[in-house]
Structure formats: structure tokens, C-alpha cells
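Line by line, the protein sequences give chains A and B.
Reminder that position 329 of the first sequence reads as 329 in the working numbering, one-by-one numbering, no gaps.
Reminder that position 99 of the second sequence reads as 99 in the working numbering, one-by-one numbering, no gaps.
If you're looking for bench data, these hints aren't it; they were derived computationally from the structure.
Note that beta-carbon positions come from the ideal geometry of N, C-alpha and C, so glycine has one too.
Check before you lean on any hint, since a few could be wrong.
[What the hints assert, rightly or not] Which residues of chain A face chain B? A few of them, derived with a C-beta cut under 7 Å, are:
no.: 1; residue: Phe94
no.: 2; residue: Glu256
no.: 3; residue: Ile258
no.: 4; residue: Val285
no.: 5; residue: Asn347
no.: 6; residue: Lys351
no.: 7; residue: Gly388
no.: 8; residue: Ser390
no.: 9; residue: Glu420
no.: 10; residue: Glu421
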Amino acid sequence: MRQEERDMNQQGDRSGLSRRRFLGSAVAASTVLSAPAVLGKARPRAVVVGGGAGGATAARYIASDSKGAVDVTLVEPTRNYYSCFFSNLYIGGFRDFASIGHSYGALAARHGINVVHDWAVSVDRDHRSVGLAGGGSLSYDRLVLSPGIDFRPESVPGWDLTQQNRMPHAYKAGSQTQLLRAQIEAMPQGGVYCMVAPPNPFRCPPGPYERISMVAHVLKGANPTAKILIVDPKEKFSKQGLFEDGWQRHYPGMIERIGPEFGGDRVEVRPDSMEVVVDGEAMKVDVCNVIPAQQAGGIAALAGITNEGGWAPVVPHTMQSRADENIHVLGDASQQGDMPKSGFSANSQAKVCAMAVRGALTGSKVFPARFSNTCWSLIGTHDGVKVGASYEATDEKIAKTDGFISKTGESAELRKATYEESLGWYDAISEDMFG
Amino acid sequence: MAARWARPVCAFADGVPSSEGARGSRVRSAVASAPGVSGLLVAVLLSVLPAAGAGSADAERGKALYGQCKRCHQAGSGAGHRIGPHLNDVFGRPAGSLTDFEYSPAMKAAGSGGLVWNEATLEAFLADPRALVPRSRMSFAGMEGAGDRADLLAWLRVFSGAGSDLPPAEPTATPEEYGLDPRLLTIPGDPEYGAYLAGECTTCHRGDGAAEGIPSITGWPRDDFVLALQAYKRGKRVHPAMQLVAGRLSDEEIAALAAHFSRDEDQP
Ligand SMILES: Cc1cc2nc3c(=O)[nH]c(=O)nc-3n(C[C@H](O)[C@H](O)[C@H](O)COP(=O)(O)OP(=O)(O)OC[C@H]3O[C@@H](n4cnc5c(N)ncnc54)[C@H](O)[C@@H]3O)c2cc1C
Chain A
1 MRQEERDMNQ QGDRSGLSRR RFLGSAVAAS TVLSAPAVLG KARPRAVVVG
51 GGAGGATAAR YIASDSKGAV DVTLVEPTRN YYSCFFSNLY IGGFRDFASI
101 GHSYGALAAR HGINVVHDWA VSVDRDHRSV GLAGGGSLSY DRLVLSPGID
151 FRPESVPGWD LTQQNRMPHA YKAGSQTQLL RAQIEAMPQG GVYCMVAPPN
201 PFRCPPGPYE RISMVAHVLK GANPTAKILI VDPKEKFSKQ GLFEDGWQRH
251 YPGMIERIGP EFGGDRVEVR PDSMEVVVDG EAMKVDVCNV IPAQQAGGIA
301 ALAGITNEGG WAPVVPHTMQ SRADENIHVL GDASQQGDMP KSGFSANSQA
351 KVCAMAVRGA LTGSKVFPAR FSNTCWSLIG THDGVKVGAS YEATDEKIAK
401 TDGFISKTGE SAELRKATYE ESLGWYDAIS EDMFG
Chain B
1 MAARWARPVC AFADGVPSSE GARGSRVRSA VASAPGVSGL LVAVLLSVLP
51 AAGAGSADAE RGKALYGQCK RCHQAGSGAG HRIGPHLNDV FGRPAGSLTD
101 FEYSPAMKAA GSGGLVWNEA TLEAFLADPR ALVPRSRMSF AGMEGAGDRA
151 DLLAWLRVFS GAGSDLPPAE PTATPEEYGL DPRLLTIPGD PEYGAYLAGE
201 CTTCHRGDGA AEGIPSITGW PRDDFVLALQ AYKRGKRVHP AMQLVAGRLS
251 DEEIAALAAH FSRDEDQP
């Protein structure tokens with residue numbers, strides 16, 4: 001019956017405008033006709049693909065704010081989400097692995113979300129349905145895609161996904177993160193850890209450099225003559241002054257960075273011989289952490305809503321895809337403007353999206369979009385820094401309105417407080433996503 | 001819960017006390033003095049405590065130190081709950097037991113697990129609130145000096161068992177102290193708008209009120225909430241992230257957030 005209704009809706013009005021009108025009147029009608037059968041069947045349906053920072057938050061907020069008026073399904077293949085945020089702290093020995101893992105139990109039990117552990121493999125925009133790897137499909141009135149990132153093929157010559165065990169990226173958290181940590185611990189005394197850093201735009205602009213700090217922290221204790229090499233195609237990077245100042249204070253002489261002026265943008269790797277070739281010159285290394293160039297998680301391209309850069313452009317006010325107003329795209333996969341690709345940003349965007357979805361499906365009030373982001377990074381023990389900004393939606397992009405950043409020379413006390421704040425943030429955002 | 005309280009005590013009884021005077025030992029001592037723990041242990045443990053509350057403590061100094069507590073707590077005649085519960089008759093009170101205050105789940109659990117506020121437990125709590133009650137809502141890093149804690153407790157004692165003969169309670173925050181227009185407190189707030197705006201807060205401040213490194217903001221009295229955000233907005237309280245967030249909130253939006261987060265029933 002529900003499927004029939006859906007099919008009817010689709011035949012009746014293809015254009016988004018009339019679609020919206022239809023939904024509006026359906027809600028109005030069901031409140032008048034208080035027949036429970038009609039009410040039950042008429043529940044509009046939101047499908048969320050990806051249970052990470054963007055998707056879990058969106059599913060939770062759509063479900064809890066609509067108090068059951070919207071039927072929410074979350075599609076996510078993994079049973080435990082290991083967050084990339086704080087995965088560097090795990091590498092540095094400041095967190096245990098279990099502490100960055102989260103289950104979907106509360107989203108199902110407390111918020112009534114239908115959690116489907118499967119991969120979305122196709123999107124039929126005309127019939128508004130999502131195909132699943134395990135067979136079957138889910139129809140939607142609104143689809144939210146928050147699939148995170150995938151790596152761009154051939155961005156680092158010599159590297160592809162089949163090499164990720166020899167040269168891990170650890171840029172999707174989980175077994176990759178554990179593998180990288182194990183490789184660092186197994187380095188010979190005086191060995192070399194090399195990071196091939198990604199070009200812009202990529203997930204978590206300070207992420208690679210926080211990782212360098214954490215690797216240095218581990219090596220300083222266990223392997224003090226080891227060296228760290230960063231091969232970087234970018235001229236500059238996020239919080240550069242803060243990181244370089246911290247590296248000098250905590251890890252003098254250990255870290256070297258090869259920028260584009262010395263060939264950092266002309267790199268090739270040879271996983272079999274564990275060699276990194278920079279500007280034609282080969283070097284043998286012990287650990288090679290390749291973080292390739294990135295693009296939106298594959299399902300966004302399969303839905304046909306990505307641009308030539310591989311990202312999905314969105315309307316800032318609602319996070320709707322510019323290509324299809326029934327689809328919203330959140331987090332790393334979206335191309336929205338000035339916000340960095342961070343968990344904080346994805347969480348912030350998800351709340352705007354949830355409000356827009358709920359407004360469209362139930363007629364609830366819609367307030368103006370507002371966004372914010374703060375990214376903390378840990379440089380050494382109790383040495384935390386942060387950068388933050390607020391943003392507003394313009395027609396063209398999400399535009400930065402104001403911001404702040406930690407300063408070099410801050411007191412140890414302030415740095416410690418900043419670190420402790422990051423613990424509070426991790427705790428809170430985890431609860432906001434999964435609680 | 002009882003098991004949780006008992007655990008450190010067992011460690012102690014197994015003969016592995018940490019060095020005397022270290023923070024850890026003080027906390028364990030306090031835990032052990034909760035009911036349900038063997039009397040012998042309590043006696044042993046109390047003997048390692050500094051002589052808090054003894055004649056040496058200086059209540060007048062404590063009064064000055066109490067300035068740090070005043071932003072959240074009231075004590076004295078007419079004292080009410082603010083961000084934290086009132087502190088009248090706190091000595092002898094089981095933790096988390098005032099029925100009209102919304103405690104963190106952690107504090108309530110501590111109370112039902114046997115934690116009672118007395119000289120020893122308060123001393124431990126002041127030294128390191130989160131070591132004694134992890135995930136408590138109290139946003140205070142701890143008071144370092146044992147002498148300071150003893151003095152502060154001597155001042156707090158004034159408000160316990162004294163009946164009605166108390167100095168009047170002081171307000172937790174006033175518009176005047178930030179140079180703010182008192183009319184800011186009378187702006188009505190739309191809780192529905194507040195609920196949406198709150199999404200920006202709950203990325204860092206846990207919605208359920210537990211706190212770890214970032215203060216809890218749920219259940220604050222409306223006035224305290226408005227004053228705190230207005231003070232950030234106008235640069236009278238300093239914190240880069242909070243100044244950024246508050247800086248773009250209108251007076252109406254601050255009122256809306258206060259209405260959403262507050263436990264006050266009535267609109268101003
Ligand atoms: C080392 C590192 C450190 C970081 N540190 C921070 C930090 O301190 N602070 C911060 O804010 N951010 C940080 N980030 C960034 C943050 O992790 C991401 O920006 C954030 O996770 C993006 O959220 P998302 O929802 O877009 O993607 P994700 O959180 O990656 O979630 C995507 C989910 O979608 C699922 N998925 C993908 N494809 C499909 C499909 N076809 N079907 C079903 N499910 C699918 C995946 O399994 C995944 O669970 C860090 C990142 C890294 C790598």
C-alpha cells in the first residue's frame with residue numbers, strides 16, 4: 001500500500017515544486033482525517049546514506065525533532081563507527097581504540113531509526129529509491145547522502161587501494177588506523193616514517209599535521225633517533241605556524257617537510273621496495289603513510305550529482321544538491337564553500353539539513369541556516385591548539401563570517417585547557433551523533 | 001553503583017595506598033567514608049586526612065575564596081538553586097538529593113551509591129571534582145591548596161545547621177557587574193527557535209548535561225544564561241569560541257536559547 005501510494009505520488013508530480021505542494025497537503029489532510037490507518041501509511045520517508053558525522057547527526061535530528069512523524073532509515077555498512085577525529089590521538093597513545101568506536105544501538109532504540117547495515121550501491125532519482133548491495137531497495141521522499149570521502153585513483157603514482165596494507169592511508173578510521181600504529185611501533189631504531197600529504201581540498205585540513213605530531217610523540221619516546229619526512233604538494237597548510245612552532249619545541253630535528261618548491265608535488269611510491277621517489281630521487285623508508293587526493297564518497301557520483309572535481313555542489317541554505325532537490329549532501333562529500341571538511345562541520349550542516357528535511361516533509365517551521373566549526377589539534381602532551389569560525393548561507397556558498405585561531409607563545413596552562421576542551425568536545429559530539 | 005564506589009576502597013584495602021597527601025589518596029579516603037564501607041576502613045582512612053575544619057581553618061579567608069563558587073551557587077537566607085544547587089545545610093546531605101534541583105545522572109548515582117557530603121567528601125570534591133564524581137555537572141577544575149579548601153569549608157559550614165539566622169544570599173550574576181542593561185533579562189524567548197539554535201551548542205556541550213572538559217549548560221536559570229551569553233557577546237567574558245558564537249546571536253536569539261535550556265517554567 002505504501003509503495004502504491006509512493007508510485008502514485010511519483011506519477012502525479014515529478015517536479016519538485018508540485019511535489020512539495022503534495023506533501024504539504026498530505027500532512028494537512030492527515031491531521032483532519034484522524035483515521036490512524038491513513039496517518040500510519042502517510043508517514044513521509046527520509047533515507048540517510050552514511051552513518052558518520054553528517055549522516056548519524058542528520059538521522060538523529062530528523063527522527064527526534066519530528067517525533068516520529070518522519071520515517072527515518074539509516075544505511076551504513078559498518079556496525080561500529082570508528083571516528084577519524086581523535087584517531088590521531090589513538091596513534092599517539094592518548095586514547096585507546098575502543099574509545100573512538102561508537103555503535104548505532106541508541107539511534108535505533110532511542111530514536112526509532114531503522115538502521116540498515118548495508119552499502120548503498122545505486123540511486124534511482126526518477127523513482128526516488130536507493131539500491132542496496134544486499135539486494136532490495138529503499139524508496140525515499142528525501143535522501144541524505146553523507147558518504148564521506150573516497151580516494152582519487154592515480155593521484156599518487158604507484159599507489160592504489162590494493163597497496164593500502166603496505167602503505168596505509170589511515171584516512172578512514174578503523175583497521176587502517178590500527179595498522180599504521182602497529183607499523184610505527186615496529187619501525188627499526190633510527191628508521192624513517194614518511195607521509196605523502198594530500199593536495200587540497202581534503203578531509204580535515206590540520207589532520208595530517210596533527211598526525212605528524214602524534215607520530216613524533218610516539219617516536220620521541222620509543223625511537224628517538226627516527227626521522228619523519230613529509231612530502232607535501234601544498235605550499236602551506238592549516239595551523240602551519242602553530243604546528244611548526246610546536247614541532248620545534250617538542251621534537252627538534254626530527255621532522256622534515258619537502259614542499260612543492262623541492263618536488264613535494266612530484267612524488268611516486270614503490271610499495272614493493274618501500275621506496276618514495278621525490279622529483280626523480282628514490283628514498284627507502286620504513287613506514288609510508290600515503291594520503292591520496294580525495295573526492296566525494298562513490299555513491300555521490302553514482303547518483304550523478306558530482307562536479308568535475310568529484311564533489312557534490314549544494315545549496316547552502318538547505319544542503320540540497322544543486323542537481324536534485326530531493327537529495328541533500330552533507331559533510332566531506334559536499335562542495336559548499338568556506339567550511340573545512342571536518343566532523344564538526346558535518347555535524348553543523350546536518351542540523352541545518354535536518355531542519356530543512358523536516359520542514360519539507362512535515363511543514364514544520366524552518367529557521368535561517370547557520371553553521372560553525374572548531375577544530376582542535378594536539379601537538380604534544382597537554383599542548384592543544386584550536387581554530388574556529390562561524391559561517392552563514394549565501395546563495396552562492398557557505399561564507400565565513402568570523403574566526404579565531406590559537407597563538408604561538410600561549411601559556412602552558414591555556415594549551416592544557418584547550419586540550420581538555422577538546423576532550424569535552426569529543427564527548428559531546430559523540431553524544432550528539434549517537435546518543 | 002555501589003560497586004563503583006567500593007572499587008577504589010578495595011584497592012586501598014589490598015594494601016596499595018598511593019603516597020599520602022597525593023590527590024589520589026585523598027579521593028579514595030573520601031570515597032571510603034561513604035556509608036556501606038567498613039567502619040574500620042573509614043577510621044583508618046580518616047586518619048590520613050589533613051585536619052580540615054579544625055581550629056586552624058579561617059572562615060573569613062574562606063569567604064573570599066567562595067567568590068569562585070558564587071557564579072553558580074547561592075548560600076544564605078533566601079538562597080535558591082541557580083546553575084548549581086543552593087549550599088545551605090550541605091553538610092550531612094546525601095549527594096544529589098535535593099528533589100527540586102536537576103542534578104547530573106552521575107551525581108544522583110553517586111548519592112544513591114552512598115556518597116554523603118561531609119568534611120572529608122567535600123574536601124575531596126573540591127580538590128578534584130571529576131575524580132570523585134566523574135561526569136558531574138560541576139564545571140570546576142579543583143582547588144589546589146589543602147589550606148584553601150579547609151578555609152572554604154569553614155565558610156560553608158556557616159550555612160549548615162544555622163537555621164534561619166543567616167546572612168542574605170547573594171545573586172549569582174547581575175547585569176550591573178557586566179555593565180549590561182537589565183532589560184536584556186526581560187526579552188521573551190521562543191523555545192522552538194531556541195531548540196534549533198541549540199544545535200550549535202550541543203556539538204560541544206552535551207545535551208544531557210554531563211560535562212567533561214566543557215561546562216554543562218542544560219538546566220541553567222534563564223537569567224544566568226542570558227547574562228553569560230551577553231557577557232561573551234560584548235567581550236566582558238573571554239573565550240574565543242564562545243565570543244564567536246555569542247557575537248552573532250541577537251538579543252532575541254539569546255533569549256530563545258535561554259528559554260530552551262532553562263528549567264524555569266514561566267516566560268519572563
Ligand atoms: C586523521 C583525521 C583526523 C581528524 N580529526 C578531526 C577533528 O579533530 N575534528 C573534526 O571535526 N574532524 C576531524 N576529522 C574529519 C572528520 O573525520 C570528517 O570530516 C567527518 O568524518 C566527515 O563526516 P562525513 O559524514 O562526511 O563522513 P564520515 O564520517 O566518514 O562518514 C561516512 C560514512 O558513510 C559510510 N558510507 C560510505 N559510502 C557508503 C555507501 N555507499 N553506503 C552506505 N554507507 C556508506 C561510511 O561507512 C562512513 O561510516 C579528521 C579526519 C581524519 C582523517
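Going down the list of hints, with the structure as the test:
Residue-level restraint check for Phe94(A) is violated (minimum Cβ-Cβ distance to chain B is 13 Å; threshold 7 Å). Annotation: interface hint on Glu256(A) violated; nearest CB of chain B at approximately 32 Å, more than 7 Å. Nearest Cβ of chain B to the Cβ of Ile258(A): about 33 Å, over the 7 Å cut. The hint is violated. Taken as an interface hint, Val285(A) does not check out: its beta carbon lies about 37 Å from the nearest beta carbon of chain B, beyond 7 Å.
Annotation: Asn347(A) was flagged as interfacial toward chain B, and the flag holds, the nearest CB pair being 5 Å apart, inside 7 Å. Hint on Lys351(A) holds. Least Cβ distance to chain B is approximately 4 Å, under the 7 Å limit. The beta carbon of Gly388(A) comes within 5 Å of a beta carbon in chain B, closer than 7 Å, and the hint placing it at the interface holds. Taking 7 Å as the C-beta cut-off, the interface hint given for Ser390(A) holds, the closest approach to chain B being about 5 Å.
The interface hint given for Glu420(A) holds, since its Cβ lies 4 Å from the closest Cβ of chain B, which is under the 7 Å cut-off. Checking Glu421(A) against chain B: minimum C-beta separation of about 5 Å stays under 7 Å; hint holds.
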